[in-house]
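S.K.: Join the two chains, each given in its own frame, into one complex according to the hints.
Below, each chain spelled out in residue letters.
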Amino acid sequence: SAVISQKPSRDICQRGTSLTIQCQVDSQVTMMFWYRQQPGQSLTLIATANQGSEATYESGFVIDKFPISRPNLTFSTLTVSNMSPEDSSIYLCSVVKGNTYEQYFGPGTRLTVT
Amino acid sequence: KNQVEQSPQSLIILEGKNCTLQCNYTVSPFSNLRWYKQDTGRGPVSLTIMTFSENTKSNGRYTATLDADTKQSSLHITASQLSDSASYICVVSGGGADGLTFGKGTHLIIQP
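If you read the sequences in order, they're chains F and G.
Residues in the first sequence are numbered from 1 upward in steps of one, following our numbering.
Residues in the second sequence are numbered from 1 upward in steps of one, following our numbering.
Just so you know, not all the hints are guaranteed correct.
Result set (DSBU-like, lysine-lysine): computed pairs, CA atoms no more than 30 Å apart in a straight line [to be verified]: (1) F:K65 to G:K1; (2) G:K57 to G:K1; (3) G:K104 to F:K65; (4) G:K104 to G:K71; (5) F:K97 to G:K17; (6) F:K97 to G:K1; (7) G:K1 to G:K104; (8) G:K1 to G:K71; (9) F:K7 to G:K104; (10) G:K17 to F:K7; (11) F:K97 to G:K104; (12) G:K57 to G:K17; (13) G:K104 to G:K57.
One-sided excerpt, in silico: chain F residues whose CB lies under 10 Å from chain G [unchecked claim]: (14) I4; (15) Q6; (16) P8; (17) R10; (18) Q37; (19) G40; (20) T44; (21) N72; (22) F75; (23) T77; (24) P85; (25) L92; (26) C93; (27) Y101; (28) Q103; (29) F105.
To be clear, the hints were calculated from the coordinates, so they are not data collected in a lab.
The model shown is predicted, which means the values in this text are computed figures rather than measured ones.
Glycine included, C-beta positions come from ideal geometry on N, C-alpha and C.
Chain G extracted, bound-state conformation (with noise of 0.2 Å):
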């Protein structure tokens, strides 16, 4: 069963600080590992998306990596500012936009 899985569940960081999410999938056949980020009420937005051959994507102050090899992936957040406070879900495909495995997301909190 294609299986993601998000930790920690939940992160409460200060302003300023960096902060790491990770993202481990079962997800065969593998097309491409996205992050996305939602806000409160609104809906997710794509961050990064990373297909087999990419290890590293950024977007300016995430930085999303990716091992395919041990299918692990991360998503790293420098200098956190207020607005970074949201849920960061990992999604991966298999192909095809109707083959997207989602995880349950990470719930991060910037406290100033």
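Okay, chain F solo, but in the shape it has when bound (with noise of 0.2 Å):
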């Protein structure tokens, strides 16, 4: 298994500011993500963490507004850029031990922008 924190847990901003989020997870795994859950929607991947290079980002979302960054195989941090309310949403970090189906999430960070 693998036990993941994230920090902050939760947080409230103002517009145009940015919030990094720090992913923890307590043992080596194979693959880090990042997830966006809107209010009453399923899990959106954001993007997928590497490490020591450039994340891989889905459609729609952009290295410049969700900058992640990777530098060992047990941390990451998703910056959320120049927020605007439509940003409000619940982050959860997600990462895959070896070659498994297994997949572990973060309790998640609820962000709040106004």
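M.R.: Encoded structure:
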């Protein structure tokens, strides 16, 4: 299994500012992902965090808006830049260990932009 | 377009009763289907994972079924408990963790 922690757990931010969310895993993992879950909606993949290289973004998400770092096999950050109220959402870190189907999710960061 | 549809959208049942949640999908190719439980304010937690060749899998009081021919799955909860109150999300994988299609979930409320 994998134990994932995220910081902060929640935040209220002003329009135009940026917030960096941290994801820490208790063991080395193969893959790390960042998801967004808007109210009443399913999870949407933002990007795959690649160790030592640029993240792979899904359609509709760009690096300038959601810069991601992954300096090692247990840690990643997601920054939500120049925030607007439409960015209010839950942001979830997720990991896969080894070559298994099992995917683990962090507790999420609840972001409110005013 | 890959899609996962879940029903009902929400469900309220009395403690101790059984219930069944449905998941229909149009994902191709198909690798596996997962059911997750998401408590309010928490991340999703895996309940079951089924591949193409599996048609049923249990995890305690949770039993998932899969009909790959009709592209349908169900999650049956037996003798519900208050702690079962949560959202249940059906997720279909086409292969690779970045190829997941998520349903919107069924919001289940267990009343005493």
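S.K.: Now tell me, hint by hint, if it's right for this structure.
M.R.: Here's how the hints hold up against the structure:
1. F:K65 to G:K1: Roughly 26 Å between the alpha carbons, so the hint for K65 of chain F and K1 of chain G holds.
2. G:K57 to G:K1: 27 Å, holds
3. G:K104 to F:K65: Status holds; Cα separation ~25 Å.
4. G:K104 to G:K71: 17 Å, holds
5. F:K97 to G:K17: 36 Å, violated
6. F:K97 to G:K1: Satisfied, since the Cα-Cα distance of roughly 28 Å is no more than 30 Å.
7. G:K1 to G:K104: Within the cut-off at roughly 16 Å; holds.
8. G:K1 to G:K71: 15 Å, holds
9. F:K7 to G:K104: 25 Å, holds
10. G:K17 to F:K7: 38 Å, violated
11. F:K97 to G:K104: 25 Å, holds
12. G:K57 to G:K17: With Cα atoms ~20 Å apart, K57 of chain G and K17 of chain G stay inside 30 Å; holds.
13. G:K104 to G:K57: Answer holds: K104 of chain G to K57 of chain G is near 22 Å, not above 30 Å.
14. I4: 7 Å, holds
15. Q6: 8 Å, holds
16. P8: 13 Å, violated
17. R10: Holds - the Cβ of R10 of chain F comes within 10 Å of chain G, reaching about 9 Å at its closest.
18. Q37: 9 Å, holds
19. G40: 7 Å, holds
20. T44: 8 Å, holds
21. N72: 19 Å, violated
22. F75: Hint violated; F75 of chain F Cβ to chain G Cβ min 17 Å, cut 10 Å.
23. T77: This interface hint is violated because 17 Å lies over the 10 Å limit.
24. P85: Violated, because the Cβ-Cβ distance from P85 of chain F to chain G comes to roughly 21 Å (cut-off 10 Å).
25. L92: 6 Å, holds
26. C93: Holds, because the Cβ-Cβ distance from C93 of chain F to chain G comes to roughly 8 Å (cut-off 10 Å).
27. Y101: 5 Å, holds
28. Q103: 6 Å, holds
29. F105: 3 Å, holds
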